[in-house]
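With the hints as extra help, turn the sequences into a complete structure.
Residue numbers (my numbering), protein chains in the order written: chain H, 1 to 110; chain R, 1001 to 1115.
A hint or two may mislead.
Said to hold, decoys possible - Computed footprint of chain H on chain R; a stretch qualifies when at least three of its residues, placed anywhere within it, have a C-beta under 8 Å from a C-beta of chain H: (1) 1016 to 1025; (2) 1101 to 1108.
Unchecked claim - Per label pair, the in silico range of CB-to-CB distance: (3) H/Ala110 / R/Pro1054: 29 to 35 Å; (4) H/Ser26 / R/Leu1027: 36 to 42 Å; (5) R/Glu1018 / H/His75: 45 to 51 Å; (6) H/Gly94 / R/Leu1113: 43 to 49 Å; (7) H/Gly40 / R/Met1015: 24 to 30 Å; (8) H/Ser26 / R/Pro1061: 22 to 28 Å; (9) R/Pro1084 / H/Tyr10: 26 to 32 Å; (10) H/Lys59 / R/Gln1017: 42 to 48 Å.
Hints are computed from structural coordinates only; laboratory data are not their basis.
We treat Cβ as the ideally placed atom computed from N, Cα and C, and that holds for glycine.
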Amino acid sequence: GQQVMQIPQYQHVQEGEDFTTYCNSSTTLSNIQWYKQRPGGHPVFLIQLVKSGEVKKQKRLTFQFGEAKKNSSLHITATQTTDVGTYFCAGGRGTYKYIFGTGTRLKVLA
Amino acid sequence: DARVTQTPRHKVTEMGQEVTMRCQPILGHNTVFWYRQTMMQGLELLAYFRNRAPLDDSGMPKDRFSAEMPDATLATLKIQPSEPRDSAVYFCASGESGPFGETQYFGPGTRLLVL
Chain H
1 GQQVMQIPQY
11 QHVQEGEDFT
21 TYCNSSTTLS
31 NIQWYKQRPG
41 GHPVFLIQLV
51 KSGEVKKQKR
61 LTFQFGEAKK
71 NSSLHITATQ
81 TTDVGTYFCA
91 GGRGTYKYIF
101 GTGTRLKVLA
Chain R
1001 DARVTQTPRH
1011 KVTEMGQEVT
1021 MRCQPILGHN
1031 TVFWYRQTMM
1041 QGLELLAYFR
1051 NRAPLDDSGM
1061 PKDRFSAEMP
1071 DATLATLKIQ
1081 PSEPRDSAVY
1091 FCASGESGPF
1101 GETQYFGPGT
1111 RLLVL
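If you want it as structure tokens, here you go:
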């Protein structure tokens, strides 16, 4: 079946360091979304990418969608303690079906 | 600030009992998703509704799970009979349809423990 893998599974960084998580799909995606889930919380929508090679920025967060629309990345510049949580990509198949990635759990050490 | 609400937030029950989880989607959203989250399986889509009609429940164990939307303000997920392996966090999300997909707004979840 279709899988969406994320690496790394866990990442510990010192506050101020950069962080990147990568998302890889076994099949071509129609679009990709990114969500953040704080410990004990629920996933919160961050962004959606649709076009091949698309890059979007939100303050310190940079999102990329691969040329083949099978992979994506999220990069955080100069992490802060508020960035702690698990980051999920969700690969879109069609208009509503999203396969969530395995997630990358980020810990930021002050 | 519009939010998806879910009740109950926590549920502890014994194996064999019926469990009903409720979700109130954001007013104006016409799609509802039910997800289950576990450490082992991650986030799995159980069911998807559009305009109250169930369009996809392929991720749901049919023998014990059922999902309905009796009206636009209420979605329910039932498990009967419940089993220990159903222990998980169940999220409801309502969606804003766009040309390229759904932006999903998740509720706080129901944390279910089946003993």
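Do the hints match the structure? See the list:
Figure legend: the segment 1016 to 1025 of chain R, annotated as covered by chain H; annotation inconsistent (0 residues with Cβ-Cβ distances under 8 Å, at least 3 required). Only when three residues or more bring their CB closer than 8 Å to a CB of chain H does the claim for the segment 1101 to 1108 of chain R stand; here the count is 8, and the claim holds. Separation of H/Ala110 from R/Pro1054 is about 47 Å and departs from the stated range, judged on CB atoms against 29 to 35 Å. At about 37 Å, the beta-carbon gap between H/Ser26 and R/Leu1027 stays in the expected band of 36 to 42 Å.
At about 46 Å, the beta-carbon gap between R/Glu1018 and H/His75 stays in the expected band of 45 to 51 Å. Between H/Gly94 and R/Leu1113 the C-beta distance comes to about 34 Å, which lies outside the given range of 43 to 49 Å. In this structure the supplied range 24 to 30 Å holds for H/Gly40 paired with R/Met1015, their Cβ-Cβ distance being about 26 Å. Judged by the Cβ atoms, the range 22 to 28 Å given for H/Ser26 and R/Pro1061 holds: they are separated by roughly 24 Å.
Judged by the Cβ atoms, the range 26 to 32 Å given for R/Pro1084 and H/Tyr10 holds: they are separated by roughly 27 Å. Our hint of 42 to 48 Å for H/Lys59 and R/Gln1017 holds, since their Cβ atoms are close to 47 Å apart.
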